[in-house]
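Just so you know, the sequences run in chain order X and G.
UniProt numbering numbers the first residue of the first sequence as 1 and each following residue consecutively.
UniProt numbering numbers the first residue of the second sequence as 1 and each following residue consecutively.
By construction, these hints were calculated from the structure, which means they are not laboratory data.
Each hint should be verified, as a subset may be incorrect.
Derived lysine-lysine pairs resembling DSS-like cross-links, with alpha carbons at most 27 Å apart [claimed, not checked]:
| no. | chain 1 | residue 1 | chain 2 | residue 2 |
| --- | --- | --- | --- | --- |
| 1 | X | Lys99 | X | Lys31 |
| 2 | X | Lys103 | X | Lys12 |
| 3 | G | Lys12 | G | Lys103 |
| 4 | G | Lys120 | G | Lys26 |
| 5 | G | Lys120 | X | Lys12 |
| 6 | G | Lys63 | X | Lys120 |
| 7 | G | Lys63 | G | Lys12 |
| 8 | G | Lys31 | G | Lys120 |
| 9 | G | Lys12 | X | Lys120 |
There are 2 protein chains.
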Amino acid sequence: MATAAMKTDVSKDQAEVLAVIDQLGKTNHDKDASGFAALFAADVADYNLAPPLSHRGINLSEKQAWFDSWEGPVEVEARDFEVTVSGDVAFCHGFMHMKATSKAAARLVSFWMRSTLHLKREAGQWRITHSHTSVPFYMDGSLRPAFDLQPI
Amino acid sequence: MATAAMKTDVSKDQAEVLAVIDQLGKTNHDKDASGFAALFAADVADYNLAPPLSHRGINLSEKQAWFDSWEGPVEVEARDFEVTVSGDVAFCHGFMHMKATSKAAARLVSFWMRSTLHLKREAGQWRITHSHTSVPFYMDGSLRPAFDLQPI
């Protein structure tokens, strides 16, 4: 699999941020809640797919329970992330594809989502201070989440 | 109404970015598609509530048609935006409350969404280069958008 950090036309700082995105993929694949949480600032403002509007910090036991709700690895692949770095802050946005088999529903879940990340560097270490992940929904009256979209 | 730019404990740069957020509110209220679009970079990557995953640039006629689908003003109020500025780039995230009366459904729509914005300053003018707006959805099997959430 091509990884985000394999891009060659980026600065050293940008490559470090892309390596964090790759670690998101690896820790999801490995269902490693501690490794996943270590990529985030302790007080990260996490706007994810589930309520509430904002989750403050990564809850380790909730994350592990979520990992355990899937059969086998959780595959999260990043695409089209362009990173802007200015001093010790960085931001980027792109698409992430998730693919995993739900234990409860006994079926493969596979969809694209949008992801925006803000990062801060402290003592040489980039950590995610804000994450916004979402799926749009159809405005056709159904209001169902648009799980069938592809990046253009 | 308290406006984002009325915050006093912010730098001049931060105040300028908060003023852009206030202009989002004003142009929505006034249903001013041109004024709204002028707040964005021409090639803004807009992840909004409706498909596709990303909209490139603001489509003026679509935006005006959207404004015209509401009876009276579209009220969008920003809350809890904290702005980080580094050189000529800035990013922020917070909540936006939308309230407007749908012509088609003849009813008041009122809900909170999450908003993340990236901005760039060129020739002294801040413009939004990326906007990510979303509502989470319930993971109770219904997958209905969570329009009934409040910021904590």
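_Just to be careful, I want the Cα atoms of G:Lys31 and G:Lys120 compared with a cutoff of 27 Å; is the pair within it?_
Distance ~24 Å between G:Lys31 and G:Lys120 Cα, so the pair holds.
_Hinted pair, alpha-carbon criterion (27 Å max): G:Lys120, G:Lys26. Please report holds or violated._
Given that 27 Å is the threshold and the Cα spacing comes to 21 Å, the pair holds.
*asked:* Just to be careful, I want the Cα atoms of G:Lys12 and G:Lys103 compared with a cutoff of 27 Å; is the pair within it?
replied: Violated, at roughly 40 Å.
_Need the status of pair G:Lys63, G:Lys12: alpha-carbon distance at most 27 Å?_
Roughly 31 Å between the alpha carbons, so the hint for G:Lys63 and G:Lys12 is violated.
*Given the proposed pairing of G:Lys63 with X:Lys120, does the C-alpha separation stay at or below 27 Å?*
Measuring from Cα to Cα gives roughly 35 Å; hence the hint is violated.
*Quickly compare the C-alpha distance for G:Lys120 and X:Lys12 to 27 Å and report which way the hint goes.*
Judged against 27 Å, a Cα distance of about 22 Å means the pair holds.
*Would you mind confirming whether the straight-line C-alpha gap from G:Lys12 to X:Lys120 stays at or under 27 Å?*
Distance ~22 Å between G:Lys12 and X:Lys120 Cα, so the pair holds.
*asked:* Given the hinted pair X:Lys99 and X:Lys31, is their Cα-Cα distance within 27 Å?
replied: holds (13 Å)
*Regarding the pair X:Lys103 and X:Lys12, is the alpha-carbon distance no greater than 27 Å?*
violated (40 Å)
Violated hints, listed in ascending order, are 2, 3, 6 and 7; each of the other numbered hints is respected by the structure.
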